[in-house]
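**Student:** Next come the chains, spelled out residue by residue.
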Amino acid sequence: MSLSHFQTEFDKMMNRDYFLDAVHPMRKEAFSKFLNSGLPTNKWEDWRFTNLSKLKQKKYRISETQDAPAGDVDLSSFEIDGVDTVVIYNGHYQEALSSVPSGIQLLSGIEYLERKNWEFETAERSPFDLLNTAFMDCGMSFIVDPNINVETPVRILFISNGEDNIMANPRMYLDVGDSAAVTFIEHHVGNAASFFQNASFFASVGVNASLDHIRIQSNSTSTQNMANLDVQQETDSRYTFTQFADGSELGRTNVYVHLNGKGANCELNGLALSNGKQHFDNHIIIDHKVPHCTSSQLFKSVLREKSSGVFNGRTIVQKNAQKTDAKQSNKNLLLSKDALMNSNPQLEILADDVRCTHGSTTGELDFDSLFYLRSRGLDLARAKSLLVRGFATECFDTIQDKKIKSFIMQRFDNWLN
Amino acid sequence: MMLEIKNLYAGVDDKQILKGINLAIMPGEMHTIMGRNGSGKSTLANVITGREGYAVIKGDILFNGESILDWSPEDRALTGIFMSFQYPVVIPGVNNTYFLKAALNAKRKHKDEKELDAADFLKLIKSKLAEMDMDANYLQRGVNEGFSGGEKKRNEILQMLTLEPALSVLDETDSGLDIDALKIVAEGVNKYRSPKRSFLVITHYQRLLNYIEPDFVHVLIDGQIVKSGGKDLAVDLEEKGYSWLGA
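Residue numbers (the working numbering), protein chains in the order written: chain X, 1 to 417; chain U, 1 to 247.
A couple of the hints might just be wrong.
Beta-carbon label-pair distances, calculated as ranges [claimed, not checked]: (1) H110/U x E348/X: 51 to 61 Å; (2) E95/X x G146/U: 49 to 59 Å; (3) K402/X x V235/U: 51 to 61 Å; (4) H110/U x D178/X: 58 to 68 Å; (5) S194/U x E79/X: 46 to 56 Å; (6) D133/U x L350/X: 46 to 56 Å; (7) D178/X x G146/U: 35 to 45 Å; (8) D135/U x K403/X: 29 to 39 Å; (9) V235/U x G363/X: 46 to 56 Å; (10) S53/X x H110/U: 48 to 58 Å; (11) E79/X x D133/U: 44 to 54 Å.
Rather than coming from a laboratory, the hints here were simulated on the basis of the structure.
Here a beta-carbon is modelled for each residue, glycine too, at the ideal position from N, C-alpha and C.
For reference, chain X alone in the conformation it holds in the complex (with noise of 0.2 Å):
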């Protein structure tokens, strides 16, 4: 996608009488922005491994009121035992399909940004942080009060379906009010034949609040998926973000965790499985603020055939974030003699009382392991199959809710076989 042709979809956008002309400075300064930047090459530091070659050749189209479903949409197959959800179908918020759970308070983008006077979170590490303010289509937000342990977990259901090249730029706000508790899922659908997503996160985590994130990317293998998520922490908070992938033909992951609060704890897991020429990426950037902060990032991937990964994960403590305790691991199994993988775990520590480890490693099976299995009467596909779901497991240990982690289980297996 050309950025002349970024252009005229951002002047239909402009002209739509339904989006506030309030919103219109912000997104012409971060469009203008994104016209100086362009989208990122591989000369980038950040971008040295995963080509937007794709994304770059396509020409994608803002969704119009006519991608939304004409009717009913079937949604048995992506059903989780137990959750409400937020459905928002190629870029539109379903309200007769959508149920919120009580205890949160479900905003539109434009309600939360007043209610905010228009002081919020916002983003320009990356060009797509710009392109989704630019672009921001179907604002949705969430708030949970202080001290309201919301019970039943909330998930939005992302499903891009159809035949065009469409772009959506979802942008999300949720904010844990302090001593609140939520389970927050985003999950991607869909079997769209082009699709171009660019979605924001934002989360605010209070005071001894506990936010538990999970992201399964599930939609079509020939989506472009790009999920930027800012996390802010305060005192005694926690989160955990707990990422599935297995669809998507690209999927660039960047998370950026704020520990702005002493005591605020934060794990991060990711499971990435990748099939035919498929390439998922982590960046991840953990800031330690303050003191005593606990952190840790365990990333796995899983590669098949011709795919390709990266994981870049970067732990920052900052000079006054004495008593860190940060760890940072990223496993990854290769199936395939073709399937590459680039990892690179960084620290950076400027304080002197820190625990902080971190280690890579990037292997195929384990031969003795595997004739072991078969030594018991397990065939090779199931003997492997046993071995990567024994080493990638330990990533869903953060999910604390067993039919979310079952859900997650069963598509898992269905990968593996």
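With chain X's structure known, arrange chain U on it following the hints.
**Tutor:** Quick look at chain U alone, frame taken from chain X:
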């Protein structure tokens, strides 16, 4: 005849290790192979179970009258061959229960028997655990994860009792065991003996043979069986070593 090894020459990485082994094991018999390190004992066990990397140069191995040289390790296992590993592998993340249930059901399926559900399997495995004096927390742990040397060997015998093979090849199952664990392992083996089941017990030491009584003892030196006899041969070896056999 359950197992017949005919003039077997085999090796690994172009190195010939077994140089003309002949061995016949009838149902119900327990045979012991004794020999020093490097004599080819473990190679023999690995060739019988079909480990990749071991090449048969000449000769044949028949199981119940059929040549198994072209069979995959899993097909040998499903037909009734089991090996207790000298060094059982640790497989973190693969749960013992999950693994053993899958293995047992693969075998039951092969025999056209109904697969066991979780409850039936649990009942069965708990009784086997009790037989081997093993803790029930075993069920939640990864395969051999955090197991001591003795626990790993007990786990091998537990798997044997669960999978019920016709031929059990025990490769140095006694090594690394203290006397209590050795007794438990030997008891497991003895209880499992029956007129239809056979054993090939590979060992360095006569110690194990104080607890399990072999029908035949074979001495392996430099890839050849140089002497065969009854259980008294093991006692002679313990006293005199291997040198009187011309090694």
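**Student:** Hint by hint, say whether it matches the structure.
**Tutor:** Structure-based check of all given hints:
| no. | hint | in the structure |
| --- | --- | --- |
| 1 | H110/U x E348/X: 51 to 61 Å | 56 Å, holds |
| 2 | E95/X x G146/U: 49 to 59 Å | 52 Å, holds |
| 3 | K402/X x V235/U: 51 to 61 Å | 59 Å, holds |
| 4 | H110/U x D178/X: 58 to 68 Å | 60 Å, holds |
| 5 | S194/U x E79/X: 46 to 56 Å | 51 Å, holds |
| 6 | D133/U x L350/X: 46 to 56 Å | 54 Å, holds |
| 7 | D178/X x G146/U: 35 to 45 Å | 41 Å, holds |
| 8 | D135/U x K403/X: 29 to 39 Å | 30 Å, holds |
| 9 | V235/U x G363/X: 46 to 56 Å | 47 Å, holds |
| 10 | S53/X x H110/U: 48 to 58 Å | 49 Å, holds |
| 11 | E79/X x D133/U: 44 to 54 Å | 46 Å, holds |
Violated hints for the displayed structure: none, as all numbered hints are satisfied.
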